[in-house]
Every structure is written in structure tokens, then in C-alpha cells.
Amino acid sequence: IAEIDRPLLANYQVLTAKPLLVVLNVDENQLAEGEKLEKELALKVQGPLVRGAVIAGKLESELGQMDEAEEREFRESLKAGESGLARMLRCSYEVLGLISFFTVGPDECKAWTIASGTPAVKAAGKIHSDIERGFIRGEVVSYDDMVACGTLVEAKKRGLLRLEGKTYVVKDGDIINFLFSV
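Numbering (the numbering used here), first residue to last: 1 to 182.
Please keep in mind that the hints were generated in silico from the structure rather than gathered at the bench. Treat the hints with caution; some may be incorrect.
Between beta-carbon pairs, the in silico distance windows are [what the hints assert, rightly or not]: (1) R6 - D27: 34 to 44 angstroms; (2) A148 - L43: 54 to 64 angstroms; (3) D5 - D27: 19 to 29 angstroms; (4) R6 - I127: 37 to 47 angstroms; (5) D5 - D107: 16 to 26 angstroms; (6) K36 - K122: 36 to 46 angstroms.
Beta carbons are placed, not taken as given, at the ideal position from N, Cα and C, and that holds for glycine.
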């Protein structure tokens with residue numbers, strides 16, 4: 001279904017317009033072929049709302065019982081990459097058109113889920129309607145920059161903290177401090 005036709009068909013609940021996540025549960029011996037299997041799957045089930053992931057469910061269950069260091073070491077020895085759960089979550093977000101942004105405070109960091117393409121003012125409304133109503137601007141730093149700097153203060157010192165207005169389209173992984181007045 002073409003993107004332009006989606007609004008016309010929205011009320012009809014057309015099955016082909018539904019997002020589809022196809023997960024192949026393979027034996028751990030086939031995990032090395034995971035990338036090849038995902039490419040083959042992508043050729044067979046194509047579409048803008050279709051994503052595929054290959055996981056080894058039994059192996060993931062066993063790895064889930066291990067402590068973090070042991071699991072990391074085991075994954076490296078098997079060349080298993082990211083966890084099956086992380087892969088499924090990432091694919092789910094992609095097929096549903098969702099992203100996450102973060103807010104940080106002195107004692108907590110919180111992730112917020114929004115639709116891809118959401119402007120900053122609407123993202124602020126996800127937290128609280130008063131923040132959306134009184135939105136002034138957002139102080140934004142990318143996730144990668146934040147990890148490299150360690151703190152918002154250090155990111156600001158390095159000039160990596162940007163001031164963005166109402167129309168700024170929030171990107172996946174942005175860390176935002178909303179400034180507002182009510």
C-alpha cells in the first residue's frame with residue numbers, strides 16, 4: 001500500500017497495512033548464518049512495514065540465566081552479537097515507526113517513546129501537557145555525544161549541547177532538557 005493511500009484506508013483495518021515482524025527461531029549452529037537468513041527473509045517478505053529478525057531462542061534462554069560478564073564472554077565466543085530480545089525490540093520499534101528520547105535529572109534517567117518524525121514541542125507534551133503548552137526550547141545532545149562526554153555539563157563545555165525550537169524533529173536517542181514557562 002502506497003504511503004499516500006494509508007490515510008484513506010486507515011478506518012478499514014486492511015490486513016496488508018498492518019506492521020509485520022517476522023522472527024525466525026533457529027538452532028545455535030545456524031546463528032552464524034543469521035545475517036544471510038535475514039537477507040533471504042527480507043527478499044521473501046518485502047514491504048515498508050515488514051521487518052525480520054533471526055534469534056536462537058534456546059540459546060537466549062540459557063544466556064539469560066548467566067551473569068552479565070559471563071553472558072558477554074559467551075556471546076563474543078559464539079559471535080552472537082546483540083541479544084535476541086534487543087534485536088526484536090529494535091525491529092519492533094522500526095516496523096512501528098517509533099523512536100526513544102531521554103530526559104535526565106539529578107536522580108533519574110527516563111526513556112520516552114514517540115512516533116518517528118515528532119517535533120520537539122509534541123515530544124515535550126508526552127512528558128506533561130504543561131511542558132508542551134509553555135515550551136520555550138529544548139537543550140539537546142545526541143546519545144553518542146553524551147556517552148563520549150559523560151555528563152551534560154561536559155557536553156555543554158565541548159559545545160555539543162544544541163538549543164532547538166518547537167519545530168525540531170526529535171531523533172532516536174536524543175537527550176533533551178525542555179525549558180518551559182507556564
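Do the hints match the structure? See the list:
no., hint, in the structure
1, R6 - D27: 34 to 44 angstroms, "holds (38 angstroms)"
2, A148 - L43: 54 to 64 angstroms, "violated (37 angstroms)"
3, D5 - D27: 19 to 29 angstroms, "violated (41 angstroms)"
4, R6 - I127: 37 to 47 angstroms, "violated (28 angstroms)"
5, D5 - D107: 16 to 26 angstroms, "violated (48 angstroms)"
6, K36 - K122: 36 to 46 angstroms, "holds (40 angstroms)"
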